[in-house]
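Novice: To convert, note that position 211 of the sequence shown is 211 in the working numbering; the numbers rise steadily by one, no gaps.
Derived from the structure by calculation, the hints contain no laboratory data. Nothing here was measured: the structure is a model prediction, and the numbers come from that model. Where a beta carbon is used, it is the ideal one built from N, C-alpha and C, also for glycine. Treat the hints with caution; some may be incorrect.
[To be verified] No farther apart than 25 Å at their CA atoms in a straight line, the calculated lysine to aspartate or glutamate pairs in the DMTMM-like style are these:
no., residue 1, residue 2
1, K80, E109
2, K80, E199
3, K80, D194
4, K80, D163
5, K80, D217
[What the hints assert, rightly or not] Derived CB-CB ranges, DEER-like:
no., residue 1, residue 2, range
6, G118, P145, 33 to 41 Å
7, P145, N76, 35 to 43 Å
8, S162, T64, 25 to 33 Å
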Amino acid sequence: MSARTLNGLASVALISLALGCERGTPASAMLAAKPTGLSPDFSASANNHHMRWDIVSVNFATLTLSAGGVASARANDGSKITLTGSGTYRSNPGNPQDVTGGGTWQTFEPSGGSTGSGSYTVTGLVSFILAPGTFPLQHDNIGDPNGADVRAGLLVVRIAYSDGSEGTLVVSCHIVGTPDAVFEGVTASKGFVDYWNREAPPAPPGNANRTAFHVID
Numbered sequence: 001m002s003a004r005t006l007n008g009l010a011s012v013a014l015i016s017l018a019l020g021c022e023r024g025t026p027a028s029a030m031l032a033a034k035p036t037g038l039s040p041d042f043s044a045s046a047n048n049h050h051m052r053w054d055i056v057s058v059n060f061a062t063l064t065l066s067a068g069g070v071a072s073a074r075a076n077d078g079s080k081i082t083l084t085g086s087g088t089y090r091s092n093p094g095n096p097q098d099v100t101g102g103g104t105w106q107t108f109e110p111s112g113g114s115t116g117s118g119s120y121t122v123t124g125l126v127s128f129i130l131a132p133g134t135f136p137l138q139h140d141n142i143g144d145p146n147g148a149d150v151r152a153g154l155l156v157v158r159i160a161y162s163d164g165s166e167g168t169l170v171v172s173c174h175i176v177g178t179p180d181a182v183f184e185g186v187t188a189s190k191g192f193v194d195y196w197n198r199e200a201p202p203a204p205p206g207n208a209n210r211t212a213f214h215v216i217d
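Full structure from sequences and hints, please.
Specialist: Following this line, the structure appears as C-alpha cells:
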C-alpha cells in the first residue's frame with residue numbers, strides 16, 4: 001500500500017484497510033497522532049477484564065464505528081452463513097465469565113438461495129486472546145467516543161441456534177498495528193458444517209464483515 005497522501009474516497013479506503021485488511025499496516029503512519037499499543041494496566045491476556053464484542057457497522061462518511069453490522073463466512077462447498085450479534089464476557093475462564101449475547105443467523109446454499117434463518121444465543125466462553133492494535137477511526141458509538149477502549153483480538157464462544165443445532169462462533173478483530181496473521185471478520189460452525197472461510201471486509205463504501213472488542217469495566 002502506498003504511503004503517499006490520499007484524498008477523498010481513497011483516504012477513506014485506507015482507513016478501511018487499516019480496520020479490516022491483513023495486507024500490511026503502513027496506514028499506521030497516517031494515524032501517528034493516535035496512541036499506539038496497549039495501556040500499561042491491560043495485560044496481554046486481558047486477565048479477567050469485562051469485555052464486549054460486536055459485529056460492527058462503519059459509516060465511512062463520518063468515520064464512525066457503531067453496533068449492528070453483519071458478517072458472513074462460507075463452508076467448503078461455498079454455502080454461506082450471515083450473522084449479526086454482540087455480547088459480553090469476562091476474559092479469564094477461572095473467574096465468573098458473565099457471558100451474554102447473541103444475534104441472528106441466516107444460511108444460504110452455494111447458488112444463493114436461503115436455507116434457514118433465526119436467532120442464536122451465546123452459551124459459553126471458549127477463549128479470548130488479546131492482540132495489539134490501535135483504533136483507526138475518528139468516532140466510536142459503542143464505547144469511549146474516541147475509541148480509547150477498542151481492542152483487537154480473537155474470541156471463541158459456544159452458541160445455540162434457534163433451530164436446535166449448536167456450534168461455535170469465532171470473532172476476530174484486526175486494526176492498525178495488529179499482526180497480519182490476524183484476520184478481520186467471523187467464522188462459525190453449525191451442527192456438522194464449519195463455515196471456516198471468512199468473507200473479507202469490502203472496500204468503502206461497502207460495509208460488512210467488521211468486528212470490534214471493547215473494554216467495559
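Novice: None of the hints should be skipped; say for each whether it holds.
Specialist: Here's how the hints hold up against the structure:
1. Note on K80 and E109: the hinted pairing holds, with a Cα-Cα distance of about 7 Å set against a maximum of 25 Å.
2. Taken as a hint, the K80 and E199 pair is honoured in the structure, with Cα atoms around 10 Å apart against an allowance of 25 Å.
3. Restraint check for K80 and D194: satisfied, since their Cα atoms lie roughly 10 Å apart, inside the 25 Å limit.
4. A hinted pair counts as satisfied when its Cα atoms are at most 25 Å apart, and K80 with D163 qualifies at roughly 17 Å.
5. With a CA separation close to 35 Å, the supplied pair K80 and D217 exceeds the 25 Å bound.
6. The hinted window of 33 to 41 Å between G118 and P145 holds, with their beta carbons roughly 34 Å apart.
7. With their beta carbons about 42 Å apart, P145 and N76 fall inside the hinted range of 35 to 43 Å.
8. At about 31 Å, the CB distance of S162 to T64 agrees with the hint of 25 to 33 Å.
Violation of the numbered hints given earlier is confined to hint 5; every other hint is satisfied by the structure.
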